[in-house]
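Engineer: Construct all of the structure, not just a fragment, from the sequences and the given hints.
There are 2 protein chains.
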Amino acid sequence: MRILILGGDGYLGWPTSMYFSARGHDVHTVDNYLRRRAHLEAGTDSLTPVLDSLPARADAWRQVTGYRIGVTEGDLCDWAVVERLFKDFEPEAIVHYGEMPSAPYSFISREHAVFTQYNNVVSTLNVLWAMRDFTPDAQMVKLGTMGEYGTPNIDLEEGYILIHHNGREDRLPFPKLPGSWYHASKVHDSTNIHLACRIWGMRATDLNQGVVYGIETDETRLDSRFATRFDYDEVFGTALNRFCLQAVIGHPLTVYGRGGQTRGYLNILDTLQCVDLATMNPPAPGEFRVFNQFTEQFSINELADLVQRAGAEYGLDVRVEHLDNPRVEAEEHYYNAKHSALLDLGLKPHYLSETLVESMFAKIEDHKDRVITKAIMPKTRWRPAAQERESVAG
Amino acid sequence: MRILILGGDGYLGWPTSMYFSARGHDVHTVDNYLRRRAHLEAGTDSLTPVLDSLPARADAWRQVTGYRIGVTEGDLCDWAVVERLFKDFEPEAIVHYGEMPSAPYSFISREHAVFTQYNNVVSTLNVLWAMRDFTPDAQMVKLGTMGEYGTPNIDLEEGYILIHHNGREDRLPFPKLPGSWYHASKVHDSTNIHLACRIWGMRATDLNQGVVYGIETDETRLDSRFATRFDYDEVFGTALNRFCLQAVIGHPLTVYGRGGQTRGYLNILDTLQCVDLATMNPPAPGEFRVFNQFTEQFSINELADLVQRAGAEYGLDVRVEHLDNPRVEAEEHYYNAKHSALLDLGLKPHYLSETLVESMFAKIEDHKDRVITKAIMPKTRWRPAAQERESVAG
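Sequence order for the protein chains is B and U.
Under numbering that gives the first Met the number 0, the first residue of the first sequence is numbered 0, with each subsequent residue one higher.
Under numbering that gives the first Met the number 0, the first residue of the second sequence is numbered 0, with each subsequent residue one higher.
Heads up, some of the hints might be wrong.
Claimed, not checked - Reference listing, derived: stretches of chain U covered by chain B, where coverage requires no fewer than 3 residues with Cβ under 8 Å from a Cβ of chain B:
(1) 164 to 173
(2) 371 to 384
Said to hold, decoys possible - Which residues of chain B face chain U? A few of them, derived with a C-beta cut under 7 Å, are:
(3) Gln116
(4) Leu124
(5) Asn152
(6) Asp154
(7) Arg167
(8) Leu171
(9) Pro172
(10) Pro174
(11) Val186
(12) Leu194
(13) Ile198
(14) Val370
What the hints assert, rightly or not - Only pairs whose alpha carbons sit at most 20 Å apart, straight line, appear in this in silico EDC-like list of lysine to aspartate or glutamate:
(15) B:Lys378 with B:Glu286
(16) B:Lys86 with U:Glu110
(17) B:Lys378 with U:Asp132
(18) U:Lys337 with U:Asp154
(19) U:Lys337 with B:Glu168
It should be emphasised that the hints constitute simulated quantities derived from the structure, not laboratory data.
Note that beta-carbon positions come from the ideal geometry of N, C-alpha and C, so glycine has one too.
Structural biologist: Here you go:
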């Protein structure tokens, strides 16, 4: 299958590109190095050393495996780039990771909020119009986020909910309560993609993904040059990955607030499996299919406990520090998210365990000298400073 | 009250500016003439002649009434403009009409779709950040649209719905099914404004407005230079206004498809009342309040019948033509939208009648010679031409 990977230089995009390439698919990737530039600006970096560019990564991949991955260095907000990509490559599946993916980033300033929404909404609109004009039978596999739903007081269904109301009923999009400008941009994308399916008969799968952890895949293990990035900084680092790194370098685990925040999590190996299953089992024309993509739910406190236990086992002295929460979010809440659709398609989950955490410790230790400690503590706050002082005073 | 009117040059923005000014409020308007420029590009124009610029309108208003309306000619996507506005004027209420408001416009091309969403999302984000930084206690009164809901098979509630699900319940945002890139941009705005209320304690009212008809308000009647624009073209014209004009010039009423499409409608006089009621009864800090702003529901066929009856009374021979629907929409559907919140605040509706339609005929006759007939028939289609042929063939 001709598979176009948008955001092919990222934490998940690069492993996905190798995954499909290794299985004989014709893979083309595109990236504009948004993430690398954001790191440069902030003076941060990936823990793992990654090759300098996507062409360098594709070259190394070809040298070792013989498989060719096509590369375009360009911005999906630029129509000329998108048009050429679709005309030249004629993708059958478009796997869309190509977005600015950080909630804290979107709160740094007005410019960051506007950029996040502009970038994500416009790039996705461009891709939808390109599909309409050049590959109307192709499918989009879009990486959404469980964060689109927020934390309502009812079970989270997979994209839709059957509502009974005043004696009538309809199956409607599940109401969304995103908690950041970034998460809101993903809600906008979902609304737009759903519209394209209804109007143009397009086919799309929205993978509302949980928090991904892990550092290695079957392909990254083949050669050190195949490593994917691993972020632990306050802007791009996510809970479990960051905790593992903190444990290794003797930094207290930074739990935001009371730590009752519960979310869905999955191993990076399962991201690859899920994207594969979605792509190989496409939706019908006109169908906007939504899967909740995670394998287990944990609260932040449960993750901190697990890392602490695994640390003890491993010989690390792990402390937990509850920080004043920089975010505005419920710290204790109901959370029960359905996630059976991908299991029904054949997903075999890699569940979280102390052993997995210890293997992450080992991998992180290899690159311990690269850690930029000042990047770890949260500086970006959801509320302006004046309001924070007020709520302390009041 | 210091009231900032975004989009103060528009069909509703200008009458709203005069309305508040006439009632002793300190009014400042801003506009970048988006609508005027779109008309120039398309070779179309308002039926009613309107003064050349917002400063000219404000001058005429001041000469006649003695009231001063402040004016900024500028683009809300330009932060420098927004920042200066908020710093200088320090609004207590922001009435937000300042968006590209056309569903057909958003389907003309990819560029038009992207521009519509870019313009509406970025301008609203800029305003939210300006409120955060300069006027955190101000309220936003945002013009949304009933078109955000689409036509689900259940009663439409006012912004939220109490959902009972698996033994639990929550009051959540009403699911949205927008039918165009424009309507989707309004859904994005609602998501963003709701987020700002939750995160920053902002106060906002989202007025999900139905289709507005009418040509005159108490203020436009005072002087011909106070006239507001009246659009009848395929891009900016809306159902009843367009039908009235078609009746006057002897053009068949253009009913799209079977004509069972049912929507909420209201008189322009009631738009002014509703915006006034919302502004004078602000929501609590942190509250994102949603009102459905219309007074009556009609199907397109009912409106065509009414215009035909009023035409017969008035001496016009009105024919109805069912056109191949350029849109993708349900032509027969359930529709029962709640709209009691504004009535509870004191709205006294001006209901639609043959008399009202006849008074519109009279006003339209005054400017009959200005009608650009070629602008009336729908040219913009929701689906690409190739797909249309296919669905005819299939």
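Engineer: Now look at each hint and say whether the structure bears it out.
Structural biologist: Consistency of the hints with the structure:
Evaluation of the coverage hint for the stretch 164 to 173 of chain U: fulfilled, as 8 residues show C-beta separations to chain B shorter than 8 Å, against a requirement of three. For the stretch 371 to 384 of chain U, the proposed coverage by chain B is satisfied: 3 residues have a C-beta within less than 8 Å of a C-beta in that chain, meeting the threshold of three. A cut of 7 Å between beta carbons decides the hint on Gln116 (chain B): the least distance to chain U is about 6 Å, and the hint holds. Restraint check, Leu124 (chain B) versus chain U: the minimum CB separation of about 5 Å is within 7 Å; hint holds.
The beta carbon of Asn152 (chain B) is positioned within 7 Å of a beta carbon in chain U (closest approach about 4 Å), and the interface hint is therefore held. Taken as an interface hint, Asp154 (chain B) checks out: its beta carbon lies about 5 Å from the nearest beta carbon of chain U, inside 7 Å. For Arg167 (chain B), the interface hint holds, since its Cβ comes within 7 Å of a Cβ in chain U; the closest pair sits about 5 Å apart. A hinted interface residue such as Leu171 (chain B) counts as satisfied when its beta carbon comes closer than 7 Å to some beta carbon of chain U; here the least separation is about 4 Å, so the hint holds.
Taking 7 Å as the C-beta contact cut-off toward chain U, the hint placing Pro172 (chain B) at the interface holds, the least distance being around 5 Å. Checking Pro174 (chain B) against chain U by beta carbon gives a least distance of about 4 Å; that is within 7 Å, so the hint holds. For Val186 (chain B), the suggested interface contact is upheld, since its CB lies about 5 Å from the closest CB of chain U, less than 7 Å. Checking Leu194 (chain B) against chain U: minimum C-beta separation of about 5 Å stays under 7 Å; hint holds.
The restraint placing Ile198 (chain B) at the interface with chain U holds, with a minimum CB-CB distance near 5 Å, inside the 7 Å limit. Because the beta carbon of Val370 (chain B) sits about 31 Å from the nearest beta carbon in chain U, more than 7 Å, this interface hint is broken. Simply put, Lys378 (chain B) and Glu286 (chain B) have alpha-carbon atoms about 42 Å apart, too far for the 20 Å limit, and the pair is violated. Between Lys86 (chain B) and Glu110 (chain U) the alpha-carbon distance is near 18 Å, which keeps this suggested pair within the 20 Å criterion.
Taken as a hint, the Lys378 (chain B) and Asp132 (chain U) pair is honoured in the structure, with Cα atoms around 19 Å apart against an allowance of 20 Å. Distance hint between Lys337 (chain U) and Asp154 (chain U) is fulfilled; the C-alpha atoms sit about 7 Å from each other, no more than 20 Å. Note on Lys337 (chain U) and Glu168 (chain B): the hinted pairing holds, with a Cα-Cα distance of about 16 Å set against a maximum of 20 Å.
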